[in-house]
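Peer 1: From first to last, the protein sequence lines are chains E and C.
For reference, each letter of the first sequence is one residue, going 73 to 470 in the numbering used here.
For reference, each letter of the second sequence is one residue, going 7 to 430 in the numbering used here.
In short, the hints are calculated from the structure, not lab data.
Do not rely on the hints blindly, as some may be mistaken.
Stated by the list, open to error - Taking beta-carbon pairs under 10 Å as the criterion, some of the chain C residues facing chain E (in silico):
#1 R282
#2 D283
#3 A291
#4 G294
#5 P298
#6 V304
#7 D381
Keep in mind it's a predicted model, so treat the numbers as computed, not measured.
Note that CB positions come from ideal geometry on N, CA and C, so glycine has one too.
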Amino acid sequence: MKNICLYFQVHQPYRLATYRFFDIGDHDRYFDDHANRFIMQQVAEKCYLPANDVLLSLIDRYGDDFKVAFSISGMALEQFKAYAPKVIESFQKLASTGAIEFLAETWAHSLASLKSKKEFEAQVSLHKQAIWELFGQKTVTFRNTELIYSNDIAKMVFDQGYKTMLTEGAKHILGWRSPNKLYASAKVPGLRLLLKNFRLSDDIAFRFSNRDWNEWPLTAEKFVSWFQQAAPGDEVINLFMDYETFGEHQWKETGIFDFLEAFPALAIEQAGMRFKTPGMLAEELKPETELDVPYPISWADEERDLTAWLGNELQDEAFEKLYQLEKDVYHTGDEKLLRTWRLLQTSDHFYYMCTKWFSDGDVHKYFNPYNSPYDAFIHYMNVLSDFTIRVKIPSPAR
Amino acid sequence: MFGWEFPPHISGGLGTACYGLTKAMLKADMDILFVVPRLYGDEPAGSMQLISASGVEVDPGDEVFQSEGGKISLFEIDSTLLPYTTEEEYLDLVKQLETVDQVSKIKWDSRTYSFSGGYGKNLMEEVKRYAIVASNIAKAHDFDIIHAHDWLTYLAGIEARKISGKPLVVHMHATEFDRSGENMNPSVFAIEKTGMQAADKVVAVSHLTRDTVIKKHDIDPEKVITVHNGVEPFENKSLVEVKKHFPEKIVTFLGRITYQKGPEYFIEAAYKVLQRDDNVRFVMAGSGDMLPRMIRRVAELGMGARFHFTGFLRGPDVDRMYGMSDAYVMPSVSEPFGISPLEAMRSNVPVIISRQSGVSEVLKHALKVDYWDIDGMADAIYGTLNYPGLMNMFKKHGKKEVEGIKWDQAAYKLKQIYQNMLHV
Chain E
73 MKNICLYFQV HQPYRLATYR FFDIGDHDRY FDDHANRFIM QQVAEKCYLP ANDVLLSLID
133 RYGDDFKVAF SISGMALEQF KAYAPKVIES FQKLASTGAI EFLAETWAHS LASLKSKKEF
193 EAQVSLHKQA IWELFGQKTV TFRNTELIYS NDIAKMVFDQ GYKTMLTEGA KHILGWRSPN
253 KLYASAKVPG LRLLLKNFRL SDDIAFRFSN RDWNEWPLTA EKFVSWFQQA APGDEVINLF
313 MDYETFGEHQ WKETGIFDFL EAFPALAIEQ AGMRFKTPGM LAEELKPETE LDVPYPISWA
373 DEERDLTAWL GNELQDEAFE KLYQLEKDVY HTGDEKLLRT WRLLQTSDHF YYMCTKWFSD
433 GDVHKYFNPY NSPYDAFIHY MNVLSDFTIR VKIPSPAR
Chain C
7 MFGWEFPPHI SGGLGTACYG LTKAMLKADM DILFVVPRLY GDEPAGSMQL ISASGVEVDP
67 GDEVFQSEGG KISLFEIDST LLPYTTEEEY LDLVKQLETV DQVSKIKWDS RTYSFSGGYG
127 KNLMEEVKRY AIVASNIAKA HDFDIIHAHD WLTYLAGIEA RKISGKPLVV HMHATEFDRS
187 GENMNPSVFA IEKTGMQAAD KVVAVSHLTR DTVIKKHDID PEKVITVHNG VEPFENKSLV
247 EVKKHFPEKI VTFLGRITYQ KGPEYFIEAA YKVLQRDDNV RFVMAGSGDM LPRMIRRVAE
307 LGMGARFHFT GFLRGPDVDR MYGMSDAYVM PSVSEPFGIS PLEAMRSNVP VIISRQSGVS
367 EVLKHALKVD YWDIDGMADA IYGTLNYPGL MNMFKKHGKK EVEGIKWDQA AYKLKQIYQN
427 MLHV
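Modelling step: build the complete structure from the supplied sequences, incorporating the hints.
Peer 2: Have a look at this one:
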């Protein structure tokens, strides 16, 4: 085993304000600016800035042997600019080392790939533009919201000019095959696929501080020794996770930052491994085989499907009503309405309406600002009701 | 176990709760001696031994008897002392209060005592007398644990513990704080507190009740354990199909119109909804001491044409009311458990319940708001009526969820508590 691919997702949604039904038709202050500012600043201090510092020092020490990939949603970038400009500077500093690959995604961290090709393409272009402007990079690798992937999505991504894409190493797709290789899409064989090694990724992201886990505490030595257990012929270990793992989901006190610093050092110095970006790996490796994925997969929950965002009555009603507006929104030609429509597409809104967390757990609860999916739904629908009124008013009156 | 009533002779819901719980305990292989003030002979005891306190001989020279008997003081009680009272039961109670008044005073030198077993004006006397009899019952029987249901039986539990040395569990179905807010009856509160202090374990029917006894009665949190109530499986009656003679949707409040139930919050929320939605009517079904004030408030807000009072409803009318409703609201200020939302859900009616209720701790498929949060309540009502996804979700999951709330779970947890106390 020679290669490791580290990819971090950076995202913060625009959270909705408490918007009551009697606000419908009265005002369009949908978003909770205070909460969004507060959370962004807090996560910047706890996670983004200190974690970037660790990566910077690793790049400094190991030069070409240490590379990292980031995907930063458009709305995270916007909120950095508005609320925590230091974070932008810090990412720019990282970018200037040449050790970072920025990936493309939908600007609004949306589920548009499941519903509208036109909107999907518009958002990917927007995001591409934002990355170019801020970091001077032309994106070559794509990652979809929540690593959602299917044959159809592969086609759309390839048509957008991307030759590499990341997704989940879902068991029901791989079967006996290893996630530690490069694959290609069965639908568009020109599209290379890198698959998340969910066991090793989740050891860090979800289990690192779990004292009930029989491998706790996770040391760098132990973690790197697991790399060596990979099957002969395995070529890369893909560690994909939320960047907020560092300092936010796993607190500083758990030793997560020390771990982030220690395991790459050990992997490079003692195991002779190298950290590479998805773009590099797609060039270097040859696809093992083609993967056929007729139904969408994702990196969420045990099921690795879409049920965290879509499928229950609440989610489906909200999602349908939102995308029913597509034509009308475009028709208005109103930039502000278009932007708002996109902010309402963020996958988080639908995640909050998930009823699986009644049984499936703490992960959902942790990320949910609402007391229940019903509360989330009512708030969202109130906002959407107002938004619908505004979209349908003929433009002179607006 | 010491209880105060047992089906079919019940005037509060305490008897129903004891029945459901004991039935499940028997299933879980526990033997129960259940003591009530009086028996009528038609109680469905099953394999449980029911004991009547009436007719148990006591020695007038008994030390306990002497000391307690001397201090007995009578005071007027009001009907709100009971847990789980439904609308119908409340009216029965008022009637009972009127009749019990005429029951002759008990002579304290008699060797046996015939309890009324109700909630009349001699209640406090009966409660104390019950305690004296309890010590005799404890002497005559063999058991491992003493379990006393609600304050009425706590003195009995304490006496039984003194005589037998066996551990005591007291069960809080409702607290005086829930019933009366800050205007608590000091004697009842004192018995609750004494009972819990003397007990080895306190069982609360919800986390809400647990918090109340820890904060208000100052009970050591270590010994208070929450055991949520169950619900008896509802008889399989078919849902009532009701023809409405108007197109508007109906939002219903059904219960006693008293401080504890928070009727005024329902009215204020209704007013907010009516400002924006003219496809809705509100119904307040029930009676109680706050009814006149509520009627005045509705008139003051000028929404009488859309807000209706039905007065008090009985059996079939209650089912019809649920059958007509598009949403059910329980805005209780303090509800140790609260069974009515479950009845609404069983009729496929979405429910909006206050977080200050025990039942909100066990229900997932319900909208929950703080009782004082009128905006939130109005929003929940509006959402339920206007966004079909909610209604569909509730219809799909609500009834099933109610069917899953069983007494068996309570009995299982109680068994664990007992086993820990007995170190088995």
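Peer 1: Are the hints correct? Go through all of them and say.
Peer 2: Each hint, compared with the structure:
no.: 1; hint: R282; verdict: holds (6 Å)
no.: 2; hint: D283; verdict: holds (8 Å)
no.: 3; hint: A291; verdict: violated (25 Å)
no.: 4; hint: G294; verdict: violated (29 Å)
no.: 5; hint: P298; verdict: violated (29 Å)
no.: 6; hint: V304; verdict: violated (19 Å)
no.: 7; hint: D381; verdict: holds (6 Å)
Of the numbered hints given earlier, the model fails hints 3, 4, 5 and 6; all others are met.
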